[in-house]
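K.L.:
The primary structure of each chain is shown beneath.
Number of protein chains: 2
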Amino acid sequence: MATEKTLKARSPRGFADRSAADIRATEEMVAKIRAVYERYGFEPVETPLVEFTESLGKFLPDQDRPNEGVFSFRDEGDDDSSEWLSLRYDLTAPLARYVAQNYERLPKPYRSYRLGWVFRNEKPGPGRFRQFMQFDADTVGAASPAADAEMCMMMADVMEALGIKRGDYVIKVNNRKIWNGALDGLGIASAKHLTVLRAIDKYDRLQLGGVRELLGRGRKDESGDFTPGAGLEPETISEIERLLAAKEIDVLSGAKTNVNQLDVLEGSRLTVNQAYRTGLDEVRAIASHCVSAGYMTDRITIDPSVVRGLEYYTGAVFEAELLAEIPNEKGQPVVFGSVGGGGRYDGLVGRFMKENVPATGFSIGVSRLQAALSALGKLKTAVGSGPVVVLVMDKARTGDYQKMVADLRAAGIPAEMYLGDSGMRAQMKYADKRDAPLVVIQGGDEKAKGIVQVKDMREGKALAAGVADHETYREARLGQGEVPEGELVAAVTRMLGRAP
Amino acid sequence: MATEKTLKARSPRGFADRSAADIRATEEMVAKIRAVYERYGFEPVETPLVEFTESLGKFLPDQDRPNEGVFSFRDEGDDDSSEWLSLRYDLTAPLARYVAQNYERLPKPYRSYRLGWVFRNEKPGPGRFRQFMQFDADTVGAASPAADAEMCMMMADVMEALGIKRGDYVIKVNNRKIWNGALDGLGIASAKHLTVLRAIDKYDRLQLGGVRELLGRGRKDESGDFTPGAGLEPETISEIERLLAAKEIDVLSGAKTNVNQLDVLEGSRLTVNQAYRTGLDEVRAIASHCVSAGYMTDRITIDPSVVRGLEYYTGAVFEAELLAEIPNEKGQPVVFGSVGGGGRYDGLVGRFMKENVPATGFSIGVSRLQAALSALGKLKTAVGSGPVVVLVMDKARTGDYQKMVADLRAAGIPAEMYLGDSGMRAQMKYADKRDAPLVVIQGGDEKAKGIVQVKDMREGKALAAGVADHETYREARLGQGEVPEGELVAAVTRMLGRAP
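Chains as they are written, first to last, in my numbering: chain A, 1 to 500; chain B, 1 to 500.
Source of the hints: derived by calculation from the structure; they are not laboratory data.
Any given hint might turn out to be false.
Any copy will do: because identical chains look the same in the list, a pair fits if it lies in one copy or spans two.
Taking lysine-lysine and the PhoX-like style, the derived pairs with C-alpha atoms no more than 20 Å apart in a straight line are [as the list claims (entries may be wrong)]:
(1) Lys380 with Lys354
(2) Lys354 with Lys8
(3) Lys380 with Lys58
(4) Lys58 with Lys8
(5) Lys395 with Lys58
(6) Lys395 with Lys123
(7) Lys202 with Lys165
(8) Lys330 with Lys5
(9) Lys354 with Lys5
(10) Lys5 with Lys165
(11) Lys32 with Lys380
(12) Lys32 with Lys429
(13) Lys380 with Lys165
(14) Lys5 with Lys58
(15) Lys447 with Lys461
(16) Lys461 with Lys220
(17) Lys220 with Lys449
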């Protein structure tokens with residue numbers, strides 16, 4: 001194949017390759033999450049990665065420029081017609097399209113889960129990719145707060161299934177209607193609502209002081225960049241702070257209960273506003289379901305600072321937050337924060353139908369959660385997870401080596417014959433890179449004696465890594481060494497600790 | 001959420017949604033394929049769905065028009081620069097980029113498998129999608145025919161792991177160099193090679209007669225469309241037919257052996273051509289490895305009509321073919337044909353490096369193979385695979401129902417409370433749609449007596465579908481009916497035949 005120039009091997013920024021360890025860790029996580037979703041009666045469904053751009057709609061936060069946020073391209077039809085297609089930016093907008101398209105056929109309420117890649121045409125950064133994985137669960141066709149409560153309880157169960165201890169995470173609940181009503185009730189112009197909500201959304205990162213600046217004149221960050229504020233009056237800011245005070249009640253310590261949080265929200269003069277009242281009633285109903293099932297308040301709590309960025313939410317909003325401190329890129333321990341979220345989007349399916357269809361859901365950021373679990377040491381790979389490697393000591397005898405490999409494979413043991421063109425030293429190095437548990441060697445001397453050498457590669461590695469003691473590999477050490485040719489499979493089986 | 005108009009819920013042509021049954025069937029298949037790949041010592045790796053367009057190169061067949069074949073879009077950088085990105089059209093071109101980028105770090109030879117979606121911007125048709133799934137295995141850095149032989153043996157093992165009986169499939173081997181050498185040796189101009197190879201590639205569909213027409217003046221198909229031929233002289237066509245005669249030796253019947261096929265190729269006057277000789281030697285070496293391991297000729301055979309469409313192949317080419325007859329869209333039994341293929345692409349990694357890196361691989365068309373297995377009845381879903389559904393008989397008592405569901409889930413039993421707003425009849429219909437194995441009912445009468453009703457939904461369904469006899473559900477039938485409230489979990493566990 002003639003090529004004019006040598007290309008540089010590179011990937012577009014924000015698109016990452018995944019190693020075997022990454023993939024296996026994701027699979028382990030995903031299996032645990034799926035088991036919880038299935039226990040809650042959700043069933044899988046998948047939509048394609050490409051949709052009509054108009055089907056997806058424009059619900060991403062901070063989309064000030066056209067063409068920002070999604071990857072789009074034109075689809076040329078046969079008849080010179082063309083339409084815009086986009087890579088999906090989440091798994092919710094495609095679900096709405098799917099449900100509308102299959103409405104008559106689907107059971108209602110329709111409970112589904114969906115795992116897949118989503119794409120954001122944004123500036124990538126550390127831990128921020130343009131292709132990342134989400135794992136969502138949604139109930140479409142149920143207006144009941146019981147459906148929202150179930151989402152929150154299920155996410156709590158997911159966190160625990162992943163090995164995150166109770167108290168090291170929290171599922172936070174709020175309702176968009178509370179803030180919509182509050183801002184209206186405070187006489188804040190609609191045009192300013194988004195700026196105010198974005199300020200509130202930054203509570204966890206900037207604390208009350210930072211939010212206060214953003215609600216007022218503005219805030220200068222450490223780098224000296226200035227973010228203009230919403231320009232609210234001091235008394236308006238105070239009223240917002242009074243609502244946020246509910247957040248400050250540390251429910252996880254057990255000192256207080258959610259009743260107090262509801263009391264704070266209930267005590268506001270804003271309860272005269274209809275939307276505010278409705279939002280509060282819905283939060284109370286969700287809390288009540290969670291109390292019945294025993295999930296309140298050690299796993300699920302009310303938090304008025306939860307806003308969520310996507311614009312399609314219409315009522316309840318949730319967020320799953322890790323409270324454990326995890327070292328950041330600079331090695332400083334920081335609270336990891338959000339690993340997923342969701343809420344009620346009663347208008348999204350209705351974009352495709354004459355009637356509105358209530359819906360609620362939760363999305364887990366798999367890639368992000370995996371980074372957290374990995375930092376917490378919850379995802380470990382065993383030493384020696386590669387295949388048994390049969391070395392090629394005599395190139396004229398590859399048929400014999402091939403036969404050994406075939407016998408091992410037939411016994412269900414991952415095995416391979418070295419396929420390169422190098423000496424024993426390079427072959428041993430290869431076996432080490434492959435994380436081979438055992439290496440099988442048969443040179444001329446061994447062949448003459450009718451034996452093979454089986455060498456254990458794990459013990460030294462595991463001891464060096466400090467992940468096992470000598471006892472772990474006792475069986476293997478006893479088996480190591482010369483083995484009669486005909487007993488290779490039995491010896492390897494025993495050394496790997498497999499059932500024969 | 002105000003929308004001006006109601007959108008039509010639709011997907012772009014060639015992009016399909018996948019149901020729970022589809023997804024589960026794919027998972028079952030993929031797990032079986034993965035187990036074989038791992039047994040052969042291959043490890044997983046994943047590349048992103050988006051690559052630089054130039055990294056992918058142009059190797060798709062029939063790409064006469066620009067922008068054809070791949071989905072591409074521009075990536076606007078921060079500095080007004082922009083580059084073309086594309087959705088990957090296969091899993092081989094991205095692997096070449098990945099290996100070149102990580103060359104020093106990777107074990108060599110590098111054996112990997114990759115599962116993922118690929119995209120073709122082509123005209124979709126029945127069973128032909130623009131997004132489909134492939135599951136590839138590749139060995140990069142091994143020039144040895146043993147690596148090619150291993151690919152073929154592994155694919156034979158994959159077919160059998162999927163339940164396809166020996167004799168119902170065949171792995172065919174050929175070598176591009178044979179045809180390159182043959183066409184050169186026959187004095188056919190390079191410009192005509194592609195037309196000739198495409199004609200040969202159609203052998204399975206059109207038989208010898210059709211190929212002969214396409215090599216000569218051309219061929220009119222059933223619809224009356226005329227395909228111009230390569231315009232070869234009759235004696236040149238005869239020579240090509242002599243090579244194709246090797247294909248006609250029915251190795252699977254056991255009547256002949258591959259030696260005969262090699263004899264046919266060896267007997268040609270074209271052996272004076274260097275490329276032809278090299279190709280023949282490589283095929284012989286692959287065959288010899290397969291003979292040693294006992295895979296020849298009942299599973300792997302030589303077939304000179306195998307060409308493969310992708311342009312990056314440089315030597316050996318393989319194809320996995322299902323020989324079983326499967327009803328087509330019109331209900332006529334037809335040989336299903338190719339479900340995967342591959343070959344040696346020694347130039348692809350070299351596009352990114354100063355040196356050439358030998359490589360060989362195999363790609364399984366997961367979506368296509370799944371269609372075949374499904375038609376062959378190899379993928380079946382059990383009746384009653386949905387969750388236990390707890391009906392809401394009294395809306396004031398959802399707390400009690402929620403509690404029952406929580407108890408069942410805590411015992412690991414998929415369960416849900418009905419979340420809609422309908423009467424008992426609709427709820428039973430819902431449970432049926434969800435394929436619920438059992439339904440739990442507690443109205444006022446039952447509550448007063450301290451019992452719940454557990455109803456089995458599977459028996460009637462299974463008997464109607466003819467997939468089980470009465471004996472299968474004996475346990476469940478005995479358990480069906482009234483159960484003391486406190487024994488709900490135990491009763492459901494027993495009825496589902498789960499370990500308590």
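K.L.:
Please list, smallest to largest, the hint numbers that this structure does not respect.
P.N.:
1, 3, 5, 6, 7, 8, 10, 12, 15, 16 and 17
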